[in-house]
Structures are given as C-alpha cells and as structure tokens.
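Peer 1: Sequence:
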Amino acid sequence: MSRAALLAAILLALPADAEVKVDVRLAWSGSARLGQWTAVRFEIENTGETTELALRIEGREAAATRRLPTPGGSRRVIWLPVKAERRLRCVVVQGGKAVVDTDLSPALIPIYNRAVLVVAEGGLALPEDKGWTSVTVVPGDLPDISDAFDPFDAVVVRFPAPAFSDEQSEALRRWTLAGGRLAVCAGIEAPAVAAGPLGKLLPASVRGVRELKRLTELDEGVPTPEAPFPIADFELRPGAEALPLGAVGGAGKGRCAFFGFDPMLRPVADWGGLTAFWKLHLPVSPRDSLANVPDDGKSGVSEGMSEEEKKRRTEAAAKRALAAYEKNVREAAEGDLRRATDLALAGQHVAVNWFFGLLVAYLAAIGPFDYFVLKRLGRLPLTWATLPVAVVAFSAAAYALSWKERGQEPALVAVGTIDVFADGVRETAVYSAVVPQTGRHAIVLDAPDARLWPAPGEDPDWKKIRESLPEMESGAHPAARNLPAQAWTPYGIVATVDLPAKAFEIRPRPGATSVHAPATLRDCRLHLGARSRGLGDLEPGAVIRADDHGYVAPRTAFEADVVSFLIPRQTGGEGVFAGRAPSDFAPLVTGWLDRSLAGPTLDGRPPVRALFLVRIHLTEEP
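Going letter by letter, the sequence shown gives residues 0 to 621 in numbering that gives the first Met the number 0.
If you are wondering where the hints come from, they were derived from the structure by calculation, not from laboratory data. Be careful, since some hints might not be right.
[Claimed, not checked] Label-pair ranges, simulated between beta-carbon atoms:
#1 Gly71 x Asp22: 13 to 23 Å
#2 Thr50 x Ser204: 21 to 31 Å
#3 Met304 x Arg206: 52 to 62 Å
#4 Arg209 x Met304: 35 to 45 Å
#5 Arg209 x Lys278: 41 to 51 Å
Note that beta-carbon positions come from the ideal geometry of N, C-alpha and C, so glycine has one too.
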C-alpha cells in the first residue's frame, strides 16, 4: 500500500467532525399576538459526536435559554415558550461559537380579529373576511406547550388526521381546561376520538356511527345536497347544549364543541354554507370587532373621499388603536407589579418602639442636654463639634437597628390561583422577590412544566435588568430564573405551572364528595349555579355534604390585600368564576391555600408568605 493510500485510509477511519444542523422557526406559520405566548421550534440534527448546544431567544421583553446535551446521531425537535414581540433573535451556540444567529419577525394578528387555529390536512372553509384570521397547521407542527395556544380564540381539530403525540394532546387539553375554546370534528372516526386523549373533554357520549340521507340539519340558508353521509351517533352529556349534528359544553374553565361530521368529506366539503355555519356555531372567545372601536375624532373619513384615502385613514386609526391597546397592557402590567410589591411588604412587622425611643433620645441630646451640660462646663462653643457627632452617632444607631429589624435573608411572596380539574391542576402565580444584597439570586420551581417571565416595572434601570433576567436553566432544576436583583428593590415574576392531578384528589360518591388537598383549605364555599353556601375550613380528606355551612373572612391584612388583588386580576368580571359560571352540572368549590404547589424557592428558601385562591371544578353535585 502506498503512503498516500495509507494516509487516506487513516483519515477515513477517523470520526467525522460533522456540523450540527439546526432549523429554527416560529409556531403557527409565524402568526402571533403581540405580548402573548407563542413558541419557537428548534429542529436539531447531529450527525457527529455528542456535543452541548445553548439555545437562546432574545427580545425587548421576551427571552428564554436552554442548555441542551445533543447525542451523536440524534435528531430531535425542541419547543421553547416565549412572549411574542415584533422581533425575536434566535441564537444557537456550540462550543462558544454561534452556529445559528437569525431574526424572526412574527406576522401579528390584528388585536380585534378573531383568530382560529385549524389542525387538519387542509382548509375547513373558516371565515376569512374582516374580523377573522385563521391559521392551518398539521398535527406534527403543534407545540407541546399549553400556553403556546394562547393567540387563538378557538382551535378546530378535524379527524381523521395523524395522531398527536402524548405531549401535544396534553398541551391542547390543558389549554382548553384553562379557558380555551376547542372544537372537534369527527365522523367515522368519532368512536376513536371519544376513546382518545381529548375524549373526556367532549360534551357528548359517542355510541357509534350512523348514516344520513340528507344533511338538512346543517342548512344555513344554503340547501344541502342529498347523498349518504356518515355521522357520529351520540347523546348529550349532562349540562351540554345541542348544536346541529353536534353539542357544546363546558370543559374546566373553557368550552368544547363536538361536531359529528367530517367537514372535508363530501357532500359537506362541496356545500357552500360551511363558512356561515362556523360563524354561527363555532365556540369562539368574545372579541370586539375593529369596526366597533370608537373613532378618536382624528381619522377624518368622509363620504366624498376616494376609497384609497379612506383606507389610508382607516389604517392610521387602527394603528392608533393598537398603540393605545399596547399602552393599556403595559400600564396594567406595571400596576400588577406595584400591587405585587405592596403584597410583598403587606403584613410585615414594623417595630416603631425603638424608633420613637431613639428619636426622643436624639432630640434630648441635641437640645437641652447639649445646651445645659456644655453651659455648666463652660464649654458652650463646643456645640459646633458635639452636634455633628450626635447626628452621626444616632444615624448610625438607626441604620444598625433598622438593618437588624428587616433581616438578612431573601424574601419571596407568592400569590395566585390554583385550578383543579379532574385530571390536572394549573397554578398561576405572581412572585415578588426582595433580596438584602445586590447580585444574582436564583428563583427555582420544583414543577418541570412551568413558564416564567418578568413583570415589567417603572424603575429607570428596569429595562437593563429586564434584558438579562429571563435565563432558563436546565439540569437538576427544570424551571429556574437567575434574578440580577438590587438590594431591597422588589421584583415581580409571573408563572403558569401545569401540575399532575395527584396534587389534589377528588373522590365523588353518592350524596357527598371527599377532597384530599395537600393542606387545609380555608374559607371554602360550594357554588351551584346562582346558589352558594359556606363550608368553613376543609382539612385534607374532608367530606362535603348537603348540611355543611359556615364562612370565615380573611384573617389578616395580608390576606385581605391578596383577595382584593387576585379577584380583579385573575378572574375578570365574573368574580371567582373565571371562564364560565358554575352550574348544577358543573359545581365549583373555592377556598384558600397557604402554600404554592409549584414549590418556588428564592436562593433555596421557600416563600415567607403565600396565599392562593383554589377553584375545584367538579363534574357533579356532591
């Protein structure tokens, strides 16, 4: 063998240093709503040796990072949740070198439009006129993060379709339970859908499939053709409402509609009335139309103008409406941070005895004591020296006593809501952190499925702090933030956490329901439609019966402040009934829990105060 051939053989035998290939793109074909959750998809292929990548998303107010060990020969897809902005910079670093550095610019959905996500292999004739935006994706492009569905007022899933992964099904299910609007279309696949992950959300019990000769029930002013057509054979569940060839009902805080036909199968696919049908029967979250926005008096549109001029002025008015909306959102978030700061300081012990004692001693020292003692000694001119000495000495004493009084440990306050469903729990919290020393402090959650982001503030330095705040850490603690906090400056962090159902255990039985909570639920009430009754405090394993009664008001100023903070912020205009009011078929138990289920810690220390409004969504009356 020649030397050249031997060298070539050696080189071929060496492992190839293949470059990692990464494809980065936004969820939902790039569509997003400004300031709401979305997700970025990283598709990673490593044909070389095992390496570690650092994924990073940068934005004005949105950021996320994750360190990702990448085995050789692997191919995987990672979704990172992030708040949508006009520009997101995505960077992938390998060995200190950026292998990807690209900007993503979302196509922003108009704020007054109804946005509908269609999960299907093709379009479903959704409305596309003014006031509607629809996005179509295949199941394989669905993120596995529940909050990523937030841009949409409704999600329509058409079966048959490729199966979701377990993570995708769970994300869509949790989004619905947390207040989303889901519509499921299934004809011959209806029995399989009912037995699948979304089956428990359906407002109907599927018995099988039957055949119709004519679809007269779908007639919305457009005659339907006569042709054999398979539809689901079903019956309504308690509390559900009938729809043409379907049903709609509550699902946690959200709503789920079931349509027992396949909209992509003839003759429905050829029917011209499907768009009008969706407008009437699709469960869409309420949203104002841009046409209903009050005129600010500056558009100047009149009948004598050309259509082009009218369009230009209308678009200018819409931009002003968008700017006003963004300002209102920002001011509301800043107000939330101020309230969270107040809660962090509420109920703290303030020792005023030593302060007033020190003040009396100080006034005595610089007044009569300084005058009469120095006069008796014949050294009255020395007051020019004794007065500054007294000021410095008493200032040092006041600082030392106040420093001791407020302690030297980081303090975390957690307030929020906990929604308990039959097969899952969601916690939404506001954390207010105060640290005694400037530096980096870690906020860590035990729960792996958590989204955290900083609450904006009014501090002049907040912009600089905000840009470096959201650093997601992986490893032993799957949900964490490094907080570059300044001493004694409260900072707010918001979190949504999905937890397994075992955090609570609800056991319905004839005439009663037992509640196994992780701790005492205080000030509980049972809500049945317009009726409610007090249950007092429920210990773990307590049983709710028809003769329970009693109500206990908030016991401290801190608790009263939490109540006044949470009710308008977390629950909207329906009080504790966020999303939908309880009914006889969907009763609600509310109470207060003095702990967070997500287990947040600040530098390893649990919250010094925590109070959560618990809403237990039952499926039948106790």
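Peer 1: Against this structure, judge whether each hint is valid.
Peer 2: Verification of the supplied hints:
The given range of 13 to 23 Å is respected by Gly71 and Asp22, whose C-beta atoms sit roughly 19 Å from each other. Range check, Thr50 to Ser204: about 51 Å between beta-carbon atoms, so the 21 to 31 Å window is missed. The hinted range of 52 to 62 Å is satisfied by Met304 and Arg206, whose Cβ atoms lie roughly 60 Å apart. Distance hint check for Arg209 and Met304: the Cβ-Cβ separation is about 57 Å, which falls outside the suggested range of 35 to 45 Å.
Hint check: Arg209 to Lys278, Cβ distance near 27 Å, so the stated range 41 to 51 Å is violated.
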